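Novice: The lines below spell out each chain.
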Amino acid sequence: MRGTVAILGASALAIAGFAGFGIADEEAELVVEGETLVSRVAAPEWHPLDQLMSGWVFRSDETQALQLDDFENPGFAAITLAEEVWETAAGTSGKSCADCHGDAGEAMKGLRAQMPKWSETAGEPWTLEDWINWSRTEHQGAEAWKWESDEMLAMTAFIGLQSRGMPVNVQIDGPMEEWWERGKELYYTRVGQLDLACYHCHEGNYGNMIRADHLSQGQVNGFPVYRLKWGKLGSIHRRFKGCMENIRAVPYKRGSDEFTALELYVASRGMGLSVETPSVRN
Amino acid sequence: MKPRLMPAALAASLLAWVPAQGETVAPSDVEIVDLAVEASLTGAAGDAEKGRAWFLDRKLGNCLACHMNSDMADQPFHGEVGTPLDGVGDRWSAAELRAILVNSKEVFGPDTIMPAFYRDSGFHRVAEEFEGKTILTAEQVEDVIAYLLTLKE
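Protein chains in written order, with numbering that gives the first Met the number 0: chain E, 0 to 281; chain U, 0 to 152.
Check each hint, because a few of them may be wrong.
What the hints assert, rightly or not - DSS-like, lysine-lysine: derived pairs with alpha carbons at most 27 Å apart: (1) K231/E with K252/E; (2) K132/U with K49/U; (3) K151/U with K240/E; (4) K49/U with K183/E; (5) K145/E with K252/E; (6) K228/E with K58/U; (7) K58/U with K151/U; (8) K132/U with K252/E; (9) K116/E with K94/E; (10) K240/E with K132/U; (11) K183/E with K240/E; (12) K116/E with K183/E; (13) K94/E with K183/E; (14) K116/E with K145/E; (15) K231/E with K108/E; (16) K252/E with K116/E; (17) K108/E with K145/E; (18) K240/E with K58/U; (19) K58/U with K252/E; (20) K228/E with K240/E; (21) K104/U with K132/U.
To be clear, the hints were calculated from the coordinates, so they are not data collected in a lab.
Fair warning: this is a prediction, and the values are worked out from it, not measured in the lab.
Make a model of the complete structure from these sequences and hints.
Specialist: Pasting the structure below:
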């Protein structure tokens, strides 16, 4: 269904960049398919920032617009693929995801907002990719998907979509606390030849241009994101890896404990922002 | 190395500590004293024109990523992370600029986002390609300093 597209607020350019190219209107509201998503929210007490902002806020008018209408959003091709996979029997169980879980809109609602989530089975936090692969192998009797495979990206986007509009709300206490602390440490640790940490760019300089990029707070509420530069969806860990490579550091591996801890910490820095999956970035 | 002409004032101020020609100071041997490094890292003055190129090069200085610079107004996308560098040649001496480039943390404090351009150790998880290397060579640092000194208001 094609919904209403609306950009509320002044649409004039809020700031003109040095080179005079279009920086997005920072007052614009994110209204997707008629639903207003929370793209700015007051930070929780412990947070170093006062206001949390979605990466969408920092994108150009053109990139922003792509996310307002599901027909324009290039991430939706993957949703169509995932809808098919959801209904297709696979593995030794001979069952589809739908056979066991029913309607994804009910079964998977709210899951993305809580990721990464504690797994009693494993005694560690699991990302959405981990939950999916666990169910693929344990329940469906099928092969695990590769982290950055089309199937995994499509399924994480599809499951994420079922939480669109819900506030990010990850657990950071109890058994998660230790992982959260570890993620926090990684966030503030300088790495690479450029000797930078995540916070230098995403806490101390969001809103500033770094060459052609308008720095955001590095939030993960829109993942997997459709990145125009990639020409496809990409996972949270792919983005982390890219940021580490840009500062000439050896990135951690996708799915590693380090990236899971970092994902948990970064997700918690976006508490209260709406899940935007699948979002569009440049 | 081809001989270069030094501006008289600079030559005079360097005379005292210039190491023998061609003797490059290793990154670990550079001493930052009173927020300055007096002697040229190469024993020679840099080439401003080359310095301008290193400043711009995304794989070398990439200074424009963080700094606005009106001298490069023809280039799109100047960063807003650092201070605009217009008139920077009036604000700092060659020795001070050398300290800023060698290791900005010694000048701006441990939290600065500006990378150290002439340091090769003390980092973590450096990509193999860059392990044990400085971002700029000693000669490039001197070239960039010479360029920065041309940025006068």
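Novice: Would you mind confirming whether the straight-line C-alpha gap from K108/E to K145/E stays at or under 27 Å?
Specialist: Given that 27 Å is the threshold and the Cα spacing comes to 24 Å, the pair holds.
Novice: Are the Cα atoms of K49/U and K183/E separated by 27 Å or less?
Specialist: 41 Å, violated
Novice: Between the alpha carbons of K252/E and K116/E, is the straight-line distance 27 Å or under?
Specialist: 19 Å, holds
Novice: Holds or violated: K151/U and K240/E, Cα atoms, limit 27 Å.
Specialist: With Cα atoms ~40 Å apart, K151/U and K240/E exceed 27 Å; violated.
Novice: With the threshold set at 27 Å, check whether the alpha-carbon distance from K132/U to K252/E stays at or below it.
Specialist: 24 Å, holds
Novice: Does K145/E sit within 27 Å of K116/E, going by the straight-line distance between their CA atoms?
Specialist: 20 Å, holds
Novice: Going straight from one Cα to the other, do K240/E and K132/U come out at no more than 27 Å?
Specialist: 22 Å, holds
Novice: Starting from K58/U, check that the Cα of K252/E is at most 27 Å away, please.
Specialist: 25 Å, holds
Novice: Would you check the hint for K145/E and K252/E, treating anything up to 27 Å between C-alpha atoms as holding?
Specialist: 13 Å, holds
Novice: Please work out if K104/U and K132/U have their alpha carbons no farther apart than 27 Å.
Specialist: 18 Å, holds
Novice: Regarding the pair K228/E and K240/E, is the alpha-carbon distance no greater than 27 Å?
Specialist: 15 Å, holds
Novice: K240/E and K58/U were given as a pair; does the straight-line alpha-carbon distance stay at or below 27 Å?
Specialist: 19 Å, holds
Consistency note: the structure conflicts with the earlier hints numbered 3, 4 and 13.
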